[in-house]
Every structure is written in C-alpha cells, then in structure tokens.
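Engineer: So you can see what is in the structure, the chains are spelled out below.
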Amino acid sequence: MDETALLLSRIQFAFTIGFHYLFPPLTIGLGLLMVIMEGLFLWTKEHQYEAMAKFWTKIFALIFAMGVASGIVMEFQFGTNWSYYSRFVGDVFGSALAAEGIFAFFLESGFLAILVFGWDKVRPPMHFFSTLMVSLGSIFSAVWIIIANSWQQTPAGHHLVTSASGFTRAEIVDFWQLVFNPSTIERLTHTLVGAFIAGAFLVLSVSAFYLLRNRHQDFARRSIAIALPFAAVFSLLALLTGHSNGVMIAKHQPGKLAAFEGHFTTQEGGTPLYLVGVPNVAERRVDYGLAIPGALSFLVHGDWTTPVTALDDPAIVPGGLPAGEAIEDYWPPIHLSFQSYHIMVGLGMFFIALTLFSLLQWWRGKLFEQRWLLWIFVFGIAGPLIANQLGWIAAEVGRQPWIVWGLLKTRDGISPTVSAIDVGISIGLFGLIYLLLLAVWLFVLDSKIRHGPEDPADLEREFKARRGWILAAAAVRTDPSQSSYTDAHGPKPGDPR
Amino acid sequence: MDLHLFWFVTLGVLLVGYAILDGFDLGVGILHLGAKSDTERRIFMNSIGPLWDGNEVWLVTFGGALFAAFPHVYATAFSGFYLAFMLLLFALIFRAVSMEFRSKREGVLWRRSFDVAFCAASTLATLLFGVAVGNTIKGMPIGADMEYAGTFLDLLGPYPLVVGIFAVAMFAMHGSIYLYLKTTGDLQERIHGWMWHTFGFFLVMYIFTTIFTLVEVPQATRNFRDYPWAWLVVFLNVLAIANIPRAIYLRKPGYAFLSSCCSIAAFVFLFGIALYPYLLVSSLDVAPGMTFNPVFSLDIYNSASSEKTLQIMAIIAFLGMPFVLTYTAIIYWTFRGKVELGKFSY
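Residue numbers (the working numbering), protein chains in the order written: chain A, 1 to 497; chain B, 1001 to 1346.
To be clear, the hints were calculated from the coordinates, so they are not data collected in a lab.
Treat the hints loosely; a few may be bogus.
As the list claims (entries may be wrong) - Some chain B residues close to chain A (C-beta under 8 Å, calculated; not the full set):
(1) G1012
(2) T1076
(3) F1078
(4) I1241
Said to hold, decoys possible - Derived BS3-like pairs: lysine-lysine, alpha-carbon spacing no greater than 25 Å straight-line:
(5) B:K1308 to A:K448
(6) B:K1338 to A:K121
(7) A:K464 to A:K409
(8) A:K45 to A:K464
(9) A:K58 to B:K1104
(10) A:K121 to A:K409
(11) A:K121 to B:K1343
(12) B:K1104 to A:K448
(13) A:K409 to A:K251
(14) A:K464 to B:K1308
Computed from a predicted model, the values in this text were never measured in an experiment.
Using N, Cα and C, we set each Cβ at its ideal position, and we do this for glycine too.
Construct the complete structure from the given sequences, taking the supplied hints into account.
Structural biologist: Structural data, given as structure tokens:
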C-alpha cells in the first residue's frame, strides 16, 4: 500500500468533487426558478418576465458549462484512482450511474440546446417545455447520484459474492432496495433543498446588486418577489429535512452522528447538544462548548433523557468491533466532521432568520430601502455555496474510514497500479486548470451581470415582429399568391408590427 | 443472444453513436483554425453549438454502462491508462469551456487563446481516443490480477499512434463534410476544397492503418475465419468510403455525410470484431504460437457484472433509449439548416 498515493487520491477526489459541486446546486436551483419565471411570462404575457427568463438562462448556461466540464472528471475518476472500489461496487453502483446517463443527462443536455439557442427557433410553449425538461433533467441527475452515494452510506439490496479467483464484491439482489436504501429519501430531499436555496440566493444576490446600483429596478424587484419567498420556504424545509437526516443518521450511522456532535462518551441520561465548541479528541470532550442539556436526545429520540450512542460504543462499528482493534481506528476525522456540520447548521439557521426578516420588511414595504440588508444579499450567495460544500464534507468525511459503510474501507478502494507520482502530476494539473477556469468564469460571469438583462420594451417589439412573421408565413401557406414571404427569415422592412 | 453479448453489442452501439455524433463536432474543432475571420469562427462554433453537449453525453453514458456492465474492464482500463485519461479529461474540459467562453468578450487575445485551445483540445482528444483504440486492439500488458503492468510511455507505441492519427484524419473529414452542410457562399466553397484534402489524408491513413493491422496485429483478424459474414461489413465499408469522393464531386454533401457516418459505424464494428469476445487483450506471458494471452485477457464473461445487474440495466436501456432517440431527433430537427448568427449564438 502506497500511503502517499492514497492520501493524494483522497485529496484529488475531494478537490475535484468540491470544485464540481459549486455548480450543480446553482443550476438545479436556478433551473426551477427559470421555470417559474418563464411560466409567469406565458401566463401574464408581460415581457419583463421574458427578460428575466432570458437573462437567467445566460447565467445558467455559463454555470452549466462549468458543471459539465468538471463533472466528466467525476465519472472517470472512480476508475482511474479507485479501481479496486470500482470492481467491488460496479455491480451495484454502476447501474445507478448508467441510469443517470440514460434518464437525466440526455434530457438535460438535449433540451438545454433549445433553452439556450432556441428562443427564435421554437414557439414560446415549446421553449417553456424545454426549460421544464432541463430543470427536470437536473433534478433526475441529482436523484441518481444521491441514490448511488446513499448506497455507499447505507448499503442495502446487495449481497457479497466471492468469485472462483477469490475476489469478493457486492452484487445486486433487489434493485428497489438499492434505490430506496435507508438513507436515500432523507439525503435526496435535503440535498435538493440545499440546491434550491443556492439558486434563490444567486437571484437575490444579483437583484440586490442592481437595486443598490439603481439599475434594472423593475427587473430586480420582480426577481426578488419570486426568489425571496422561494428561499424562505426552502430554508424552512432545510431545517425539516436536516432534522430527518439527523434522525436517520443516528439510526443507521450512529458513529457519524456522534462525530458531528463531538459526543465521545456514552452516559446515563440526556445527551447535550453543542451549539458551538472545539472537540478535544485527546481528552474526549468538547472545549469552549455552549450546550443545551438533553437536546440531542430530544432531537434523536424525541425525549430529553434517553442517551445517544457515543463514539466509545462498539455499536458504532458496523458488524461490531473486530477483536484486537481499537475503536478509535473507526472514528472519522472528528474536527472536520464536527465543524463542517456545525457551520452548515449555523448557516441554515442564518438563512431562515435572514429570509423571514426580509419577508417581514417586504410586507412592511421597507425591504428595498434597507441598503445594509441588500448588501447582505449581495454577498449572501456565498452562504449556500459554503453550506452545500460543508454538508457534502460532513456526509463524506463522517463516513470514514469506510468508502462503503461497513463493507469496504477507503484505503482498500484505491487503484493498486497508480503511483503517487501519477496522482501528484494530475493533482498539480487539476489545481492549475481549475484555478484558471474559475478566474475566467468569474470574469465572464461578472461581465454578464454588469451587462444586465434586456429591456422588456425591446423584447416586446421583437416578439410582435416575430408573431407578425409567423402570421405572414401562415397566410402564405393558405394563399399561394403571397409566396414572396416564404424566403423571409424575419420581418420585412414594411411589415406591420 | 445472452446478456453478456447484448451488453457488448450495446456498448458498441453507444460507441457508434458517440463516434458519429461527437465525431463531427470534434472534427469541426480540428478544422477550427482554418477559418479566417471572426465571423467564420463563430459560424464554426455555432454549427455545433446546440449539439456538442448532447453528443458528449453518449460518451458519458458509454462510461457509465461500461462501469455497470463490465466493472473489471472499467477499473483496469482507467487505472491503467491513468495519465492518458487525465490528458483526455483536460482536453474535454478545455473544449467545453473554450466554446462557452470564446465569444463572451471582444478582445483579440481573448478570442485567439480560446480558438487555439478549442482546436488543440479537439485534436488531442481525438488522437487519444484513437490511441486508446489502437492499444485495445494491439493488447496491453495485463497481469493475472487484471491489473495493467505497463507505463504511460508503453501506450505510445507506433501502432496506437497510427490509429490515433487515423482517428484525427477521419474526424477531420467527417467534420469538414458537416461544415459544408451548415455553411453558405465563399466559406462553403473553401470548405469544398477542405473536403478533398481531408478525404485524401483519411484515405492514406485508412490504407496504411489497414496494412499495419494485417501485418502487426494478427489477432485482430482471427474472428474473420469463424464469422465470414463480417467480410460483408468490410465490403460495405469500402463502398461507403468510395461513395464519399463521388458525393463530394457531385456536390451531394448529404450523401457524403451519410457515407462517412456509415464508414465510422463500420470501423467501430471492425473494432468490436477485432476484440470479441474480449474487451481487453493481454500481451503478457504469451504462449508459443499465440499472439496474445487468453487467460489474462478480460472477456465479456470474466469481467462482467452479475446476470441480475445486466438484466436490470437492459430494462433501463429499453425504457430509456426511446426517449433519448426522441429528443435527439427533436433537437436535430430544431437546429436543422444553415448556421445563422443571432443574438443567442456563441
């Protein structure tokens, strides 16, 4: 076992997936908001909504491109860096990945073409349908990825089979048990909610910026009118889904929850919940902690006195602690788990407070005058991006030392033929390329945002002109004497508008 | 047909879909720097603008299906080709973002940099695909433990490199025919000349690669003895290739494009015939009188997932493919006709 190669492969995976995971939550969230905006356009025929849909489509395309470019790395990285893992899980995990390709990617990338390039090519209802399909595709994609990942967290529907050559792997027994494994629903809902919050905060951030700069006032106000209630609803749902996640983790991965909470020693009576603190692994306690007595028991068990399983309980090792091994070897990195989990929860609380307070201000008619609040929104987009990253870190780091919970350890999943030098070279290149891309992307994104949306009055003129052309083309079909119109690609100069 | 063979064939179908579809947009990338003005380059990029992303999904799905159906092949090939695959990933990343970023700003240096990146990445990706195919046909040092026992440089032998250049020639030709279909006027007239040049390059590489394969890689043709009907594909392939210059001369680019699609499909079929029933051929510890080691090689049985998984995946494929084909058809129909630059173009 090459320890350096292992460490570097872990760093590479964390880095590449962390980079990738900046983008999909934004496209998932933004996609749904675009469906709402374009739906409002079709319903009300107000061209301000068309301007909104078009503007956010451009931003969406930019984010989507980065998601695609960095996402293709993910699929192949299992094979390149984690070949033993691939052999072990391929029978189970691969089908979810293949299903993502067939059911989600084709849908998403196909209709993206019409979404981005098709405004002039198809009629508005077809365009709206494309937007809907892209949004649906991005959600399907999350569904299959979360199914695959949740199987790694709480494996189900498989059995272990050893081949004649002595190789053991997980093989599927029940597909629906794999799909609806014990953690799928909780993790999927929480992840999607996190993505919706990210999309809404992006819209809020840009709109607040326009208000502060005194530009595109109507556009910005209407965008906020859609995104703010959306953000508030999903922030509250994040609390709900987060809670059901906690209960699920306590049941299926008690060691992971104990690491999140810095809960080292099982004790009689209620278990406290630390709001903040610094876990002290050597002394097995939480320093500088601010705790609510019994609250963790209440969250997990629904009463204030039943103890919660701690890190010293052999029950945290799936299948039981093997004789002669120390329980500490089965602990995930405690600091990282504790802090990423706590900061994520803190950010979630902040989203709720911020959105509810803003709704109140809006109701009082004062939201658009509170410049300090608008400034919070401008920078607020960092919040959900960080929270999503931390949520993923907590979920994946909390799973360690397992790559597949209770079945395969991370250190055993590595590619035996790949050397530390190979991985070192690839990490160096990834670091360089991603940094460059991020800089270029931010630059382009910034210039798009500065450019701003189109004027709805222009859109209305174009729309009428195009409708005139469609009517003219229809007239030609019924009246051959007007055949000179058939060559026209647009309205003729003298056409009635 | 058993499920193992079904998945071997299905992977072939996905590969045909990928090679034909992404083939022309990679080809457009290879030819990109031949465009003279900024408008011409925008026309090039927008000819594939709405389509390339969907085309690449064929590769992603191929990768997912390989992972699920033949996990050992997926694991061996990707960890064995480590640095080559990293290079491929970087090329695909650069291609994607070059298209997205290029026309977003006016600066000459800005656009020039992304033009070069787009062309270089398209060429490199195509070359690497060809090199991968060449290595797979030729056989690689794979041990009894199913692991690759060579180095990065071992992958760059003369035969794989020749197949790589052949792939570049083929996609360049395929791309030039596609561009002819999508352009008008003087630009189209110039591309007419390119079609001849790329066809000539392709023809030379085709003949050379065929001879090289017959001489150097005897195991690639062993299946022709057991399955003589495969000669029919060779024959049809020659006809399809011969039809390309005829169609170019007669100015029937649609037929030329159809012919190049058919010949790409035929090449993928020949690739499959060269391998069957193996997916990765081992060149380690070859017994006297043999040209490869069948024991260490990964075939469609010893590298596959369980029957149950192959079955589930077949259901997924049967459910999904009609949808995929339907919306692929919708998209291609929506964006039919010549490229027009508008305000939603790149």
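Engineer: Which of the numbered hints above does this structure break?
Structural biologist: 1, 4, 5, 7, 10 and 14
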